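S.K.: So the chains spell out like this:
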Amino acid sequence: MTDLLAGLQEAWVRQAPLFLSGLWITLQLLVVSTAIGLVLAVPVALARVSPRRVLSVPATAYAYLFRGTPLLVQIFIIYYGLPQFDAVRGSVLWPLLRDPMPCALLAFSLNMSAYTGEVIRGGILAVPAGEREAAMAVGMPRGLMLRRIILPRALRIALPALSNEVVLQLKATSLASTVTLIDLTGVGRRLAAKTYTTEGLFVAGAIYIALTFLVARGFRLLESRFAAFQRP
Amino acid sequence: MKTLALGLMAVIALTGVARAQDKVVRIGTEAAYAPFEFKDDKGELKGYEIQLGNALCAAAKLKCEWVNQDFDSLIPALNAHKIDAILSQMSITDDRKKAVDFTNQVTVAPARFVAKQGSGITDDPGSLKGKTIAVQSGTTHEKYVTEKLAGIATAKVYQTQDEAFLDVENGRADATLADATIEYDWLEKTGKAKGFDYAGKPLLDPAIFGDGTGIAVRKGDAALAEAFNKALVTVGTDGTFKKINDAYFPFNIVGSGAHAAK
Chain Z
1 MTDLLAGLQE AWVRQAPLFL SGLWITLQLL VVSTAIGLVL AVPVALARVS PRRVLSVPAT
61 AYAYLFRGTP LLVQIFIIYY GLPQFDAVRG SVLWPLLRDP MPCALLAFSL NMSAYTGEVI
121 RGGILAVPAG EREAAMAVGM PRGLMLRRII LPRALRIALP ALSNEVVLQL KATSLASTVT
181 LIDLTGVGRR LAAKTYTTEG LFVAGAIYIA LTFLVARGFR LLESRFAAFQ RP
Chain V
1 MKTLALGLMA VIALTGVARA QDKVVRIGTE AAYAPFEFKD DKGELKGYEI QLGNALCAAA
61 KLKCEWVNQD FDSLIPALNA HKIDAILSQM SITDDRKKAV DFTNQVTVAP ARFVAKQGSG
121 ITDDPGSLKG KTIAVQSGTT HEKYVTEKLA GIATAKVYQT QDEAFLDVEN GRADATLADA
181 TIEYDWLEKT GKAKGFDYAG KPLLDPAIFG DGTGIAVRKG DAALAEAFNK ALVTVGTDGT
241 FKKINDAYFP FNIVGSGAHA AK
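So the sequences go chain by chain: Z and V.
All the letters of the first sequence, read from the start, carry residue numbers 1 to 232 under the numbering used here.
All the letters of the second sequence, read from the start, carry residue numbers 1 to 262 under the numbering used here.
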């Protein structure tokens, strides 16, 4: 036990700059992919609940495609699979897709939008019918009703579930280490490989726990600010 | 009640004995290293070292079982008693000897660059300035690029060598550094058709690349190391090793540990 503690201290103290650079990559992945994912999730959710089949069918297919395949498979296809086509390597997107970061962000963002799209859809369906009817009774146009009544209400209802999605997304970013990005997990693994021990992974795990705590805390603040009325 | 307790104890004692007798030796390997160890279409383990390992276990009268996992977690798994030996083209280096014990040399393993033909890349560090080299995590090749080529070339680190080859093919890395043996297999299967070839001479730096590959066992597990050493000589002298070698390569990589003691 004392051996492990000494090893942990050693791993942390000597490798702090490495862990910080890994943390920076993880944070970039989390923040950017969550932001893009949330922005895309709203139209996905709206299309899912739309009575028009031209909108609901493709959105449902999209949600099932990304929720039905493992994220690891998606990231491998985007990073290793796409460049197998000469057309991709010759395209204007290649300078972007050549780097692992945009590939990982693409996979994580699309994945996030599919999952949170479902969460927001649930929120939309949970908006009390009376509020919708009241808006219609005063003659509110559909777009305005969506913007002023349904979406704000749906997002508030979905907040606790969204916090869960962000925590899951944090841990999903660890898959970036499979496409040569040295994120927190990547640093932990590299150190473990170098020292033939698991201390690096322990330190990485501790940082993930701290991050999860911060995310959960942040969402609690959001909930007390925007969804206080929902408390029992 | 007493008889029940006695009976239970007897059962426990008996199973304990049975366990000790047919103790299974779990050999760890990383099956993304064709032609040494890989999974065929049916998902079965195949390859040079799988055949060799099975021959060694037969010669040593050991009951063996293969465990497939990432290369860079093999040594931690060995020391955590998840596996008992490692046969995965692991080079015998001083670094690793601090963590595990090795058998005698199983195969030689020259390291060599592979790059696009006409890239100008050779084993001379001057030709590698500013290049990106794909290497596998936890290998001697990673160590060479990160230590000997520090400030000259950049290492791009992959979980498996298969992925490193893929990215060289995709143009994300300028070259890969790996064992010349598995590069031979890749060049024959896909690389040559796409215009890749060996670049420069094999690298000789015993301080980094060690002295060939061996079977790793836990520190102090002399009995298992000795059993494998004896089996190595057996398969080396009865022609089994040579036969396996020739089924995969037109050159001979049989290590010194397989030669009869003089």
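Hints may contain errors.
Partial selection, computed: residues in chain Z whose CB lies under 7 Å from chain V [said to hold, decoys possible]: (1) S56; (2) P141; (3) T180.
With beta-carbon atoms standing in for the labels, derived distance ranges [what the hints assert, rightly or not]: (4) V/G43 x Z/P102: 57 to 67 Å; (5) Z/G122 x V/K148: 24 to 34 Å; (6) Z/R53 x V/K192: 44 to 54 Å; (7) Z/L168 x V/K148: 49 to 59 Å; (8) Z/P102 x V/K46: 49 to 59 Å; (9) Z/R14 x V/A99: 17 to 27 Å; (10) V/S256 x Z/T69: 47 to 57 Å.
Honestly, the hints are just simulated from the structure, not real lab data.
All of these numbers come straight from a predicted model, not from anything done at the bench.
Every residue gets a Cβ at the ideal spot worked out from N, C-alpha and C, and that includes glycine.
S.K.: Of the numbered hints stated previously, which ones are contradicted by the structure, given in increasing order?
M.R.: Numbers 1, 2, 4, 5, 7 and 8 - these are the hints that the structure violates, sorted from lowest upward.
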